[in-house]
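Engineer: Chains as they are written, first to last, in the working numbering: chain A, 1 to 170; chain B, 171 to 279; chain C, 280 to 731.
Calculated from the structure, these hints are not laboratory results.
Below, a list of computed lysine to aspartate or glutamate pairs in the DMTMM-like style, where the Cα atoms sit at most 25 Å apart: (1) A/91 - B/270; (2) B/205 - A/83; (3) B/278 - C/622; (4) C/301 - C/367; (5) A/25 - B/270; (6) A/110 - B/233; (7) B/278 - C/617; (8) A/85 - B/270; (9) C/688 - B/279.
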Amino acid sequence: MSIDLIIYLLGGLTIGSALMVIISKHPVRSVLYLILTFFLISANYIMLNAQFVAIVNIIVYAGAIMVLFLFVLMLLNLSKENEPKTSLLVKVSALISGSLLLLVLLAVFKDASFLSIENEVSNPNHGLVQNLGKLLFTKYVLPFEVSSILFIAAMVGAVLLAKRDKNIIE
Amino acid sequence: MILSTVFEAGISIQYYVILSAILFSIGVIGVLIRKNAIVLLMCIELMLNAANLLLVAFSSYFEQSDGQVFVFFIMVVAAAEATVGLSILIMAYRNIRTVDVSLFNQLKD
Amino acid sequence: MEAIIILFSTGIVSLFIAMTRKPILVLLTALIGVTVTAIVMSINWYTPMQWVKYDGIETDYFTIIYGATATLFSFLFILIGYSKFSKEVYHTGDYIAILIFSLCGALCLFSFTDLFMFFIGLEILSIPMYVMAGSNKKNLLSSEAAMKYFFTGSFATGVLLFGIACVYGALGTFQLKEMSEAIAAMKNSSALLQVGMILILAGFLFKVGAVPFHFWGPDVYSGSPNVVTGFMATVVKLAAFCGFLRLFQLGFNGLDGFFVEILIAVSVLTMFVGNLSALRQTKLKRLIAYSSITHVGYALICLLVKNEHTPAYLWTYFFAYGFSIVALITVSMIVNDENDDIDRYKAFARTNPFAGFVMILALLSLAGVPPLVGFFGKYLVFSSAIEQYPVLIIIALINSGIAIYYYLKVILTAISKDDNAEKSTVSPLHAIVLSISMFGLILGGFVTFWVN
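The shape of chain A in the complex, shown without the other chains (with noise of 0.2 Å):
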């Protein structure tokens, strides 16, 4: 009984912090938010026996990307009074097409029937940092190494767009 009630009210607080997300006004409001609705999916991912994507989780979206988001609001000094305003004809229907969405995903999802666990490998240990680590430099070792491709070409994408360039400060 406690177990579930622990549960619920965990995806109850990500559901209504990522909703503030979405709602706040103030930019800055929503990155914090964001920062908490990440914090409360770490929390989910600990009672789903993911402890060590937990902690990932926390080091790197709570911790090096909101801070970058963080760091380019205050960077373009955005403030509520210039916070672009939606008409209420876009919120509308935005938000029907959204919960139509969500409807449909809910009616497929209600009365799916969920593949069973057959797998001979099962391991209640699979979230430790040991067994994601023997697969991460075994099985999948070549998508590791060749997501370094992608940070560097991000690294000079960011660098080459970013970088006011020589000329402009003169």
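Here the structure of chain A is known, so what remains is to put chains B and C in place on it, guided by the hints.
Structural biologist: Chains B and C in isolation, oriented as in the chain A frame:
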């Protein structure tokens, strides 16, 4: 350290599927509703996180680690995407002095 | 695998060489690297190299053909773009390296065997393109194009990922082979799998710009620098199509039932929307964008036909299409007009006979006039599907007819008389590219026969 899973405690996988479907839809609504480019990017991150949650839930349900390894790759891509996206934003801000996506309307038929 | 390593090293080396601030050296490095990649890939055709064996990637004949084609087009685009890249000495290396990194992603998409490589490859393909769309930094339109491309692209990624998560939930694996086995063993269809496949399909249609997810295409194409537009229309589209074809054929055992109906509807809509919007365009790059939407509609027919030749037909189609785009982009670089109005091409064929000739060939090939390579692409695709989907092919033929109108309009503008027209200068690199694409357009048909 062996924890009994939430699925043994009587929570069905359906709960997590629905939770992530709701988070995904909130992300989609956010993308449609907001006009601030930075918040738009945040809503896309929310969509990616919904996919992450679903993957972790299934990985825990199947008791295999593959799904969680995939989550790492999603994080890799999310980080790269956020970097590039924010730098595009800064560049556009220098040119147009706004982050309101509805003002990016110079290109049309 | 070797090809990806060589390309990646080429990218890194050209980044370092760019520090010498001598653009010509960067160009040479990049061209040598890309050529070596193509050679290594062709050696694989005869004697498969297996010095490293990894999970996640598998080289077959189609990998090599597609890879060689993408490499060839990238080679041509680096050549075309050099005149523009070298203007900014500080960034020449960056531009060329980013294009090469994007090509690495394309190569991953030609050979993946699990969803990990598929997803990473797709992102390596697209993220550099978001950057390149905005590479004209001080241009407002270029920033806008980058912004639009980025947001639609990453939204599509989000949708695609949710789809992949659903598919994982339904099948419990990421390996294409195990996925197809799991689907074959499934007694009744799983709702989760269906939702996952629909979301993946939606992500795919977003990435290739099919109707109803086409709205970003024309804006991004017309706002981006010319070379980038060309690269997006050829290499990126080829890679995205090949990647998803692999995924659907190897992973999902081909699409059937409900998905066929969706794809037919999307294909028909894509052809009509692309064509009818192209009719009233006054700018060349927007015309290219809408005509590329139409061509996506034709190429989608390939996904509907289930036989072992489909990858070859799809390849032929994009091979043919690519040469036309290379030629048209080169011509637009030669004219080099900010507004890119079609009127600006008035009397172009008279002042620059050779470039004008290749431009006309390219447009005729896009329209599918027989001896040119574009005809073979269309012929193979249409003839492969005519038995299964006769009505669809008739609609496609009607659309080819409509398309001839706006291609002819451009041709007539190019050969019309105008006394005030000035001769544009054709740089040697552009002349080389034009001759290569001329050979491709005229003789490409034989190559496709040889490959098929």
